[in-house]
Amino acid sequence: MQSFAYVNATSVDKVASLLGRTWDEAQVIAGGTDLVGELKEHLISPKRVVNLKTIPGLSYIRQDAVALRIGALTTIADIESNPIVQKQFAALSQAAMVIASPQIRNVGTIGGNICQRPRCWYYRSEDFPCLKKGGDRCYAVAGINRYHAIFGGGPSYIVHPSDSAPALMALNGRVKIMTSTGPKEVGMDDFFTLPETSVRRENILKPNEIITEIILPNPTPNAKSLYLKVRERQSIDFALVSVAAMLTVVNGVCQEARIVLGGVAPIPWRTPDAETFLRGKKISEAVANSAAEAALEGAKPMRDNAYKVTIAKALVRRAVMALG
Amino acid sequence: MSRVHVQARINGEETEFLCEPRQSLLEVLRDVLMLTGSKEGCNNGNCGACNVILDGRLVNSCLVLGVEAQGKDIQTIEGLATPDRLHPLQQQFLEHAALQCGICTPGFIVAAKALLDKNPHPTEPQVRHWLAGNLCRCTGYDKIVRAVLSAADAVRDGR
Ligand SMILES: Cc1cc2nc3c(=O)[nH]c(=O)nc-3n(C[C@@H](O)[C@@H](O)[C@H](O)COP(=O)(O)OP(=O)(O)OC[C@H]3O[C@@H](n4cnc5c(N)ncnc54)[C@H](O)[C@@H]3O)c2cc1C
Ligand code: SF4
Ligand code: FES
Ligand code: FES
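Line by line, the protein sequences give chains P and L. 369 is the number of the first residue of the first sequence in my numbering; add one for each residue after it. 620 is the number of the first residue of the second sequence in my numbering; add one for each residue after it.
Don't take every hint at face value.
Claimed, not checked - No more than 25 Å apart at the CA atoms, straight line, and that leaves these computed lysine to any residue pairs for SDA-like: (1) LYS408(P) to LYS691(L); (2) LYS501(P) to CYS661(L); (3) LYS408(P) to ILE722(L); (4) LYS762(L) to ASP605(P).
Claimed, not checked - Chain L residues, not near chain P, derived (Cβ > 10 Å throughout): (5) ARG628; (6) GLY660; (7) ALA716; (8) ILE722; (9) PRO741; (10) GLY759.
Claimed, not checked - To be clear about the criterion: a stretch of chain P counts as covered by chain L if any three or more of its residues have a C-beta under 8 Å from a C-beta of chain L, and this derived list gives those stretches: (11) 403-415; (12) 457-470.
Source of the hints: derived by calculation from the structure; they are not laboratory data. Backbone N, C-alpha and C define an ideal beta-carbon position, used for all residues, glycine too.
With the hints as constraints, model all of the structure from the sequences given.
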């Protein structure tokens, strides 16, 4: 690991001034479960590492009449064990349960989970100076692309590694961001960015901005949600494919649907065609099948990852049947 | 880069050390404090050999920076036995032959300790779910799970 200075932030208002104008200047540390790995592998070498854990009052789960608010520094373990989340925001609690290991959930935060960097093995190895690290090519194109994108790829083909992000998107979440000029809020739908707009980053955050809160609107009376994840190992493992879904079903008829795939694209991948198809339909095996077909319409598998299409269809079908 | 002065409570004793911000807590424990019971397996969060209990929570010490120990309470494998008695978990690992090469053992025992502190009577699925962050390449896990369940019984019976 390169040397760096370690700075404890003390307030949200002052954090922008501790951070820099470039990513080489300073990086934020929350739980550090991803950042420390990045430092060890020399993927980043900031001059300063700015600790958010010393800012008081950024770890909480609170519900009011309109929404659930989760502080960015809340650990995955605290989210996993929260009874309100378990009862009303099942997709999030089910996603939290299958993130990494108990040790990592005890330390890893929700803010860090959605801002974590890609797991593409070329990216994670110092030996491959790929586009994501400022190099001139994507090694996954000609290399082994079993774990890469089937949607939204080019010029980088990473998949977004977060389990919580698809759930937060299905639950219609928003993020609160502290910028150098004050706080702002954006929908999860507008937070992540495709490689075609910013090949080196995965979201809209600037080097001197941090997430301070996640906001989830309270579910409507007939809405139900879930998260399903398929992985190679049943203990610690990132998703090969996952699905987060929220459906509002009244008398067997789907009124509203939000379906988001994980592990298939550089961002959590909304499936608008499946969502539109489901609205107004009576849920049945046939309808679930057609929704799955619609969700995967337009997928562009690479040489080694066509299997993801099959898994994703099965997950969408199961999700619709389970929530219908 | 200049070193930072850190104070922490380690296995019940007030401890001071100097470390660089880039050193992990695992490096500090092993190389600065000579507490070599915590092992380095993967150094990236996958194996759990480096497990310690930090302010009551099980963590991978290879993913925590040494400077972040400031003001914290840390329990390592060295803190479990007393001079005249093994901890029930250690005793049951021996009796169940729940180790072969032994490199994963401190991590499993610390993880199991964190579980029993929170949940003294775990079910077998709870034990397996909780130990998901620990790798063993020798025993096949079954003996480890039995040892943890027996240790829970031993603690309950005051053995
Ligand atoms: C072995 C292993 C297995 C894993 N498995 C999974 C898995 O199955 N599913 C999964 O989703 N994740 C997995 N992870 C990733 C894990 O690191 C995250 O789950 C964790 O939540 C990250 O949170 P953190 O607080 O530790 O982030 P950090 O490491 O502190 O930060 C991660 C990144 O986000 C930035 N950041 C952190 N907080 C903020 C903020 N508030 N505002 C702006 N930027 C911020 C940091 O600068 C850094 O770039 C795994 C990690 C490891 C090491
Ligand atoms: S997929 Fe992205 S991170 Fe992986 S090699 Fe290609 S450019 Fe690099
Ligand atoms: S050495 Fe820390 S988890 Fe393997
Ligand atoms: S006993 Fe050898 S790795 Fe577990």
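Verification of the supplied hints:
1. Using a Cα cut-off of 25 Å, the hinted pair LYS408(P) and LYS691(L) holds, with the two alpha carbons roughly 23 Å apart.
2. For the suggested pair LYS501(P) and CYS661(L), the alpha carbons sit about 24 Å apart, so the restraint of at most 25 Å is met.
3. The hinted pair formed by LYS408(P) and ILE722(L) meets the criterion: a straight-line CA distance of about 22 Å does not exceed 25 Å.
4. Among the hinted pairs, LYS762(L) with ASP605(P) is consistent with the structure: their alpha-carbon atoms are about 23 Å apart, no more than 25 Å.
5. Against chain P, the non-interface label of ARG628(L) holds: every CB pair exceeds 10 Å, the least being about 18 Å.
6. Listed as outside the interface, GLY660(L) is consistent with that label: its C-beta sits roughly 13 Å from the nearest C-beta of chain P, beyond the 10 Å cut-off.
7. With a minimum CB-CB distance of about 22 Å to chain P, ALA716(L) clears the 10 Å threshold, and the non-interface call stands.
8. Every CB of chain P lies more than 10 Å from the CB of ILE722(L), the least distance being 17 Å, so the non-interface label holds.
9. No beta-carbon of chain P is positioned within 10 Å of the beta-carbon of PRO741(L); the least distance is around 12 Å.
10. No beta-carbon of chain P is positioned within 10 Å of the beta-carbon of GLY759(L); the least distance is around 14 Å.
11. For the segment 403-415 of chain P, the stated coverage by chain L holds: 4 residues have a C-beta nearer than 8 Å to a C-beta of that chain, and at least 3 were required.
12. For a cut-off of 8 Å, the count of residues in the segment 457-470 of chain P with a CB near a CB of chain L stands at 3, and the three-residue condition holds.
Every hint from the earlier list agrees with this structure, and none is contradicted.
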